[in-house]
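For reference, the chains in residue letters:
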Amino acid sequence: MRLSPLSISVFLGCLIACISTCALVWFLFDSSWPYWRSFGLSQIFSSQWYPYESLYGLLPAIVGSIWAMFIAMGFAVPCALAAAIVSSEMLPCSWQNGLRLSMEILAGIPSVVYGLIGLWVLLPWLQNTFHLLTGHSLLAAGLILSLMILPTIMLMAQDALRLVPREQREAAKHLGLDWNQRLYRILLPQAWPGIRSGILLALGRVLGETMAVMLVVGSLDRLPQPIYNILAPAQTLTSRIGREMGEAAFGSMHFSALMACGLLLAVTAIFLSLFTQRNTPQT
Amino acid sequence: MKIFLICLALPAFLLPAACLLYILWQAWPALSLELITGTVDAIEGQGLSFGSQQALWHQISGSLLMMLLACSLATPIALSIALFHALWASKRQKKMVLSLLQVLQSIPPIVYGLCGLVLLVHLLQWGISLAAGAVILSVIILPLLSSNIIHALERVPFEQSQAALSLGLSHMEMIVRVWLPSAWSGILTGILLAMARALSETAPILFTATVFSGIAWPESLFSPVTSLQTHIFYLAQEGSNAQATQTAWASAAVLLSLVLCLSLTAWFLRRYEESL
Amino acid sequence: MFKSLSHIYLFIFSILLWHNAAFASERIAVVGSTTVLPIISQAASQYHKLHPDIIITVSGGGSGVGIAAIIQGTAQLGMASRETTKEEKTKLNGRINNITIAADAVAVAVSKAVYESGMHQLSLQNIADIYRGNIRNWQTLGGENKPILVIDKEASRGTRHVFAKAVLGSSHARADGASIISGSNNEEQSIISQSNQAIGMLSNAWLNDKVRGIDVLIDGKAISPSIKHVRDGSYPIARALHVLLPKTASPATQDFVKFLLSKQGQLIVKNVGYLPVQ
Numbered sequence: 351m352r353l354s355p356l357s358i359s360v361f362l363g364c365l366i367a368c369i370s371t372c373a374l375v376w377f378l379f380d381s382s383w384p385y386w387r388s389f390g391l392s393q394i395f396s397s398q399w400y401p402y403e404s405l406y407g408l409l410p411a412i413v414g415s416i417w418a419m420f421i422a423m424g425f426a427v428p429c430a431l432a433a434a435i436v437s438s439e440m441l442p443c444s445w446q447n448g449l450r451l452s453m454e455i456l457a458g459i460p461s462v463v464y465g466l467i468g469l470w471v472l473l474p475w476l477q478n479t480f481h482l483l484t485g486h487s488l489l490a491a492g493l494i495l496s497l498m499i500l501p502t503i504m505l506m507a508q509d510a511l512r513l514v515p516r517e518q519r520e521a522a523k524h525l526g527l528d529w530n531q532r533l534y535r536i537l538l539p540q541a542w543p544g545i546r547s548g549i550l551l552a553l554g555r556v557l558g559e560t561m562a563v564m565l566v567v568g569s570l571d572r573l574p575q576p577i578y579n580i581l582a583p584a585q586t587l588t589s590r591i592g593r594e595m596g597e598a599a600f601g602s603m604h605f606s607a608l609m610a611c612g613l614l615l616a617v618t619a620i621f622l623s624l625f626t627q628r629n630t631p632q633t
Numbered sequence: 005m006k007i008f009l010i011c012l013a014l015p016a017f018l019l020p021a022a023c024l025l026y027i028l029w030q031a032w033p034a035l036s037l038e039l040i041t042g043t044v045d046a047i048e049g050q051g052l053s054f055g056s057q058q059a060l061w062h063q064i065s066g067s068l069l070m071m072l073l074a075c076s077l078a079t080p081i082a083l084s085i086a087l088f089h090a091l092w093a094s095k096r097q098k099k100m101v102l103s104l105l106q107v108l109q110s111i112p113p114i115v116y117g118l119c120g121l122v123l124l125v126h127l128l129q130w131g132i133s134l135a136a137g138a139v140i141l142s143v144i145i146l147p148l149l150s151s152n153i154i155h156a157l158e159r160v161p162f163e164q165s166q167a168a169l170s171l172g173l174s175h176m177e178m179i180v181r182v183w184l185p186s187a188w189s190g191i192l193t194g195i196l197l198a199m200a201r202a203l204s205e206t207a208p209i210l211f212t213a214t215v216f217s218g219i220a221w222p223e224s225l226f227s228p229v230t231s232l233q234t235h236i237f238y239l240a241q242e243g244s245n246a247q248a249t250q251t252a253w254a255s256a257a258v259l260l261s262l263v264l265c266l267s268l269t270a271w272f273l274r275r276y277e278e279s280l
Numbered sequence: 115m116f117k118s119l120s121h122i123y124l125f126i127f128s129i130l131l132w133h134n135a136a137f138a139s140e141r142i143a144v145v146g147s148t149t150v151l152p153i154i155s156q157a158a159s160q161y162h163k164l165h166p167d168i169i170i171t172v173s174g175g176g177s178g179v180g181i182a183a184i185i186q187g188t189a190q191l192g193m194a195s196r197e198t199t200k201e202e203k204t205k206l207n208g209r210i211n212n213i214t215i216a217a218d219a220v221a222v223a224v225s226k227a228v229y230e231s232g233m234h235q236l237s238l239q240n241i242a243d244i245y246r247g248n249i250r251n252w253q254t255l256g257g258e259n260k261p262i263l264v265i266d267k268e269a270s271r272g273t274r275h276v277f278a279k280a281v282l283g284s285s286h287a288r289a290d291g292a293s294i295i296s297g298s299n300n301e302e303q304s305i306i307s308q309s310n311q312a313i314g315m316l317s318n319a320w321l322n323d324k325v326r327g328i329d330v331l332i333d334g335k336a337i338s339p340s341i342k343h344v345r346d347g348s349y350p351i352a353r354a355l356h357v358l359l360p361k362t363a364s365p366a367t368q369d370f371v372k373f374l375l376s377k378q379g380q381l382i383v384k385n386v387g388y389l390p391v392q
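For the protein sequence lines, the chains are A, B and C, in the order given.
All residue numbers for the first sequence refer to the working numbering, where the first residue is 351 and numbers rise by one.
All residue numbers for the second sequence refer to the working numbering, where the first residue is 5 and numbers rise by one.
All residue numbers for the third sequence refer to the working numbering, where the first residue is 115 and numbers rise by one.
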């Protein structure tokens, strides 16, 4: 590699990128270390979060995040998958392009706007339909999150279905398979790797979403009673960080606890991403 | 079976579009040039109804300023990574770079905000500042931008690069004369998408770059700003005040239209590139 | 190409720096309680008209955020609606002056429907029982048959400290009966007004038609959360609103605090709905 101005600039740029990545990792570990050192991993299973009494249990937030994830995926995956199948198999080509454009646009809507819709449209509706004390709940968070990831999953599923060659469909028709069998036996198995990576990508987004969840989940650090009660206010990891990030004094144990929440989120996201990459077909 | 699928698919088709229309419908009464340029001083306090009568101009300019700064910080670095990937990386290094970029893209933005809070606001003593917000946003959009530029450069036909090198052109000349003309639309698409992303991020800048009121125009890199996204968040907490909700919907509509402009331009660019 | 790009960056950077140097104005960052925020926000805009070269930025977040910002040095002036805790005092180490600029009452606020069903007063013990989860239905207190939506606040908020101290005994007391946690005064006001069975803690300036303050029963007498009762000290959940002024603050910051205590500043306090410092 010759030492030209180009190579020096490229080297400098890559160096800055590496330094910032390392700084990210370093500060995550360094700032949350006091928390891990004092409490170890036991706090992950404690359900008491009272910073003033030095209790920093992470369980309510973790359970809340997991529930929000399940609800979001449970609503979004079937609908988006069905929409992708309908769009790629039943709609004419021009409609498909228009639909694709609208989905790409919708995928870019800022999360705080979804938060507004959740707060002022979804919550009153939930409160009235289920006769709740308040609409703030894990169900609300899950529903808003599923709304956010619908376009993403639909786009990736549609791409995966489109990649299945036309000849496969025609061969299936000539072999006498009806529409349902063609879908189940030929199209879905072949498109499944692409669909799966779309679902995993959406899962990563659901895990990290802060603003919309913060506004609708209720921020109550208590385990759902009973554990499957998704109609009561609760807490998620991202909502907790968002709410308390400003008031934790820098360097205090409270701050370390919040950084530990961030570390948990980052580690989960990294594992999810590596798992997705391992299972994505190399196109 | 088909009927069942169509029923299942209807929410996916209708709900997102319904949301967009609902936002427009709610925002329509409040949308006017007056709202944006307005006569109400941005530094004006309004007592209990925080921010519900402010004009949006300062918030819009704060958001745009942070977005532009973030993109101008991220673009050279993204270009460097892409050029490294294209020119000097071995096959294994290429895979590692792409894998690393995917991993960084999946980390929640709030984590970037937390680390920015620790490093930039407290350790480096920049305080709550435009600079901190711009750096955090640029780190968030860097992986997205890099992978887009890498893919844009990969689409340049291999034979052209080979021909250029065999004709004796240096790397720099090849980039400028062969790659740039073919890949400029792809690179620009990547930049536009990164800008749209920078405009949508709210949580990382909430405690590191923005204040509620008092700033008309940041007088230095190290002063805080007001931004449209965080303004919507503050207004979201005033659900009982009818004017605040109106302003919130209007702000959401303005933010949406800014993001849509960028996304639509990117989409048209991609269509133009595909048609070539 | 890189040369011209770097020239462009340097140009933009120097413009921003030059702008800073040429219009060297002072910036005062004020952070903290959302109860004090309306006063400071209005005072800041009036003060800016008198001194155009001083920019005052205002942020909320709660009393805890304000005190933390002063401890860390990220703000020049803090707003608090409660006293500093022991830990905060140690960290502050005598570096600040706690200046009272107003007083207000923390009202026990209920939804309009609850108030109109006859719930006009409650004793401190009743309120404590509600927040501890011992009373769960308005019927137990003589109201309609509706479960109580108990709205608690984030633990570091000034309003919560004062309320918990007066009602539950200690400013950090747990409220096991809480149904939901809210943040700023605005958010709590929204939740109460959108429900018809809620109870919460709210500064008296935020009470309106949909959010009614009930009287507190002390020794058989019902005391309303009005300014009159704050002035004569009979309302049990009253507090002073302060600003935290570092002893090393700039002259402009000290002048702004003087403005807050002046006739003009105290008129703003009265207009917001609090009790001016006499």
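FYI, nobody ran anything at the bench for these hints, they're computed from the structure.
Where hints are given, some of them may not hold.
Pairwise CB distance ranges (calculated) [to be verified]: (1) C:Q160 to A:L391: 50 to 58 Å; (2) C:K361 to B:Y26: 35 to 43 Å; (3) B:S261 to C:Q160: 44 to 52 Å; (4) B:M100 to A:Q518: 30 to 38 Å; (5) C:L331 to B:Y26: 42 to 50 Å; (6) C:K361 to A:S388: 41 to 49 Å.
In silico lysine to any residue, SDA-like type, Cα no more than 20 Å apart, as pairs [stated by the list, open to error]: (7) B:K98 to A:Q627; (8) B:K6 to A:A522; (9) C:K205 to B:L12; (10) B:K98 to A:R628; (11) C:K342 to C:K205; (12) B:K6 to A:M440; (13) B:K99 to A:A522.
Just so we're clear, the structure is a prediction, and the values are computed from it rather than from any experiment.
No residue lacks a Cβ here, since even glycine has one placed at the ideal position from N, Cα and C.
Against the structure, the hints come out as follows:
no.	hint	verdict
1	C:Q160 to A:L391: 50 to 58 Å	holds, 54 Å
2	C:K361 to B:Y26: 35 to 43 Å	violated, 53 Å
3	B:S261 to C:Q160: 44 to 52 Å	violated, 35 Å
4	B:M100 to A:Q518: 30 to 38 Å	holds, 34 Å
5	C:L331 to B:Y26: 42 to 50 Å	holds, 46 Å
6	C:K361 to A:S388: 41 to 49 Å	violated, 34 Å
7	B:K98 to A:Q627	holds, 14 Å
8	B:K6 to A:A522	holds, 18 Å
9	C:K205 to B:L12	violated, 58 Å
10	B:K98 to A:R628	holds, 16 Å
11	C:K342 to C:K205	violated, 36 Å
12	B:K6 to A:M440	holds, 9 Å
13	B:K99 to A:A522	violated, 37 Å
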